[in-house]
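The numbering of the sequence shown is full-length UniProt numbering, which starts it at 1 and goes up by one.
Bear in mind the hints are in silico, worked out from the structure with no lab data behind them.
One thing to keep in mind: the hints can contain errors.
To be verified - Calculated lysine to aspartate or glutamate pairs in the EDC-like style (CA-CA distance at most 16 Å, straight line):
| id | residue 1 | residue 2 |
| --- | --- | --- |
| 1 | K281 | E208 |
| 2 | K384 | E318 |
| 3 | K277 | D262 |
| 4 | K239 | D327 |
| 5 | K338 | D367 |
| 6 | K338 | D374 |
| 7 | K338 | E237 |
| 8 | K175 | D262 |
| 9 | K261 | E305 |
| 10 | K250 | D230 |
| 11 | K178 | D128 |
| 12 | K178 | E349 |
| 13 | K286 | D358 |
| 14 | K281 | D264 |
| 15 | K228 | E43 |
| 16 | K357 | E237 |
| 17 | K281 | D162 |
| 18 | K382 | E305 |
| 19 | K178 | E237 |
| 20 | K265 | E305 |
| 21 | K376 | D292 |
| 22 | K175 | D162 |
| 23 | K178 | D117 |
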Amino acid sequence: MNRVITKIIVLFLLLATLSGCWSKKELDNLAIVTGIGIDKAEEGYEVSVQIINPAEVAAKQLTTRTAVSSYTASGKSLFDAIRNLIEVTPRKVYLSHTRIVIFSEELAKEGISDTIDFLVRDHELRTDFYLAIAKGYSAKQMLNILTPLDKIPASKMYAMIDNSERYLAQTRTVKIQKFTADLLLEGQQPFLTGIYIQGSTDIGNSIENVERVDSPAKILADHIGAMKGDQLIGWLEHKESKGFNYLTGKVKNSTEIIPCKDDDKYTSFEIISTDKKIKGKVKDGKPTFTIDIKVRANVAQSDCELKISNPKTLDKLEKDLNKEISDTASLTLEAIQKDLQTDIVGFGELLHRTKNKDWQKIKGQWDELFPEADIKVNVQTKIKRTGTITDSFKEK
1 MNRVITKIIV LFLLLATLSG CWSKKELDNL AIVTGIGIDK AEEGYEVSVQ
51 IINPAEVAAK QLTTRTAVSS YTASGKSLFD AIRNLIEVTP RKVYLSHTRI
101 VIFSEELAKE GISDTIDFLV RDHELRTDFY LAIAKGYSAK QMLNILTPLD
151 KIPASKMYAM IDNSERYLAQ TRTVKIQKFT ADLLLEGQQP FLTGIYIQGS
201 TDIGNSIENV ERVDSPAKIL ADHIGAMKGD QLIGWLEHKE SKGFNYLTGK
251 VKNSTEIIPC KDDDKYTSFE IISTDKKIKG KVKDGKPTFT IDIKVRANVA
301 QSDCELKISN PKTLDKLEKD LNKEISDTAS LTLEAIQKDL QTDIVGFGEL
351 LHRTKNKDWQ KIKGQWDELF PEADIKVNVQ TKIKRTGTIT DSFKEK
């Protein structure tokens with residue numbers, strides 16, 4: 001009998017632990033944030049949030065209301081500014097569904113470590129959102145642009161940055177863990193992707209932007225922001241950004257185009273994958289590095305008069321690709337060594353890991369040594385497939 005009573009008591013205790021959740025929040029009382037924009041203010045920060053209008057997101061028919069609303073508040077700290085949003089939002093802001101955090105270029109140049117502290121420390125924020133810099137615009141302006149197809153602009157920006165890295169290799173997705181790791185690592189500087197507005201910002205924040213076939217304002221992702229510590233110091237342009245992704249082995253599903261002899265026709269390639277291996281050493285106090293990049297590619301289209309079935313033609317195409325990719329990577333090295341003088345690839349971090357004794361001797365002078373480091377790039381391309389046809393239609 002005592003055993004039966006004991007089992008009943010244990011059962012009731014277990015049921016009691018399943019009866020609720022300490023962090024349970026009623027959705028009707030929350031304003032679900034999908035995007036956060038952070039700008040400088042006269043004293044502290046101005047924070048903008050993009051909040052979902054649930055009824056409009058779920059609506060099956062077009063309405064004159066937007067699927068999101070934006071609200072802005074200021075404060076002496078980012079936490080203070082977010083707390084002050086309660087004065088302008090109809091509900092308490094809920095940050096767990098944030099997809100993107102945008103810094104204005106002005107703020108990024110000044111330094112973002114204080115804002116990063118909040119983003120890492122706050123228990124409500126998850127760690128799967130992207131970080132980006134609004135190139136030439138305020139973060140508030142970016143969040144105010146309405147986007148067609150995807151009703152929630154923050155989700156559109158998240159997918160756009162992801163696709164731009166995956167298929168064009170002209171940006172790089174950066175989440176909070178990656179940024180903070182780069183910020184803390186010896187011999188490694190952080191970087192963030194850039195986003196900007198093309199077209200009219202005035203029309204972009206009105207319903208007209210999603211009603212027209214060709215939206216007057218578009219949000220685009222391009223360029224990689226090079227940082228030194230927590231400060232933005234400059235931008236890698238389109239091709240330099242692609243070279244950065246080659247140097248770090250992150251090019252996949254991208255394209256390369258090689259001109260024909262007459263220069264007005266091209267052979268296009270799909271880059272299937274890249275692997276990179278970097279070796280470094282310090283000799284007589286001078287760092288030297290060798291980067292081996294292995295590329296696998298397919299022929300996607302050829303407008304040239306080429307007999308692609310000929311092994312010599314394939315060998316020539318592979319050599320042309322080697323040169324094109326090597327030149328692109330060299331452009332990036334020129335930019336980060338001579339122009340920007342910041343080690344966002346992590347050459348110093350490589351020495352820290354693999355040649356620690358040498359690194360300890362030179363780490364105090366790394367900012368001066370990196371611009372003069374000897375870096376050699378070797379590219380080896382292998383064309384895997386030429387498509388369902390062999391020779392070009394131009395070849396007769």
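Taking the hints in turn, this is what the structure says about them:
| no. | hint | verdict |
| --- | --- | --- |
| 1 | K281 x E208 | 58 Å, violated |
| 2 | K384 x E318 | 10 Å, holds |
| 3 | K277 x D262 | 35 Å, violated |
| 4 | K239 x D327 | 10 Å, holds |
| 5 | K338 x D367 | 11 Å, holds |
| 6 | K338 x D374 | 12 Å, holds |
| 7 | K338 x E237 | 15 Å, holds |
| 8 | K175 x D262 | 44 Å, violated |
| 9 | K261 x E305 | 9 Å, holds |
| 10 | K250 x D230 | 23 Å, violated |
| 11 | K178 x D128 | 11 Å, holds |
| 12 | K178 x E349 | 14 Å, holds |
| 13 | K286 x D358 | 10 Å, holds |
| 14 | K281 x D264 | 43 Å, violated |
| 15 | K228 x E43 | 24 Å, violated |
| 16 | K357 x E237 | 36 Å, violated |
| 17 | K281 x D162 | 34 Å, violated |
| 18 | K382 x E305 | 21 Å, violated |
| 19 | K178 x E237 | 22 Å, violated |
| 20 | K265 x E305 | 9 Å, holds |
| 21 | K376 x D292 | 9 Å, holds |
| 22 | K175 x D162 | 11 Å, holds |
| 23 | K178 x D117 | 14 Å, holds |
Going down the numbered hints, you'll see the structure goes against 1, 3, 8, 10, 14, 15, 16, 17, 18, 19, while the others check out.
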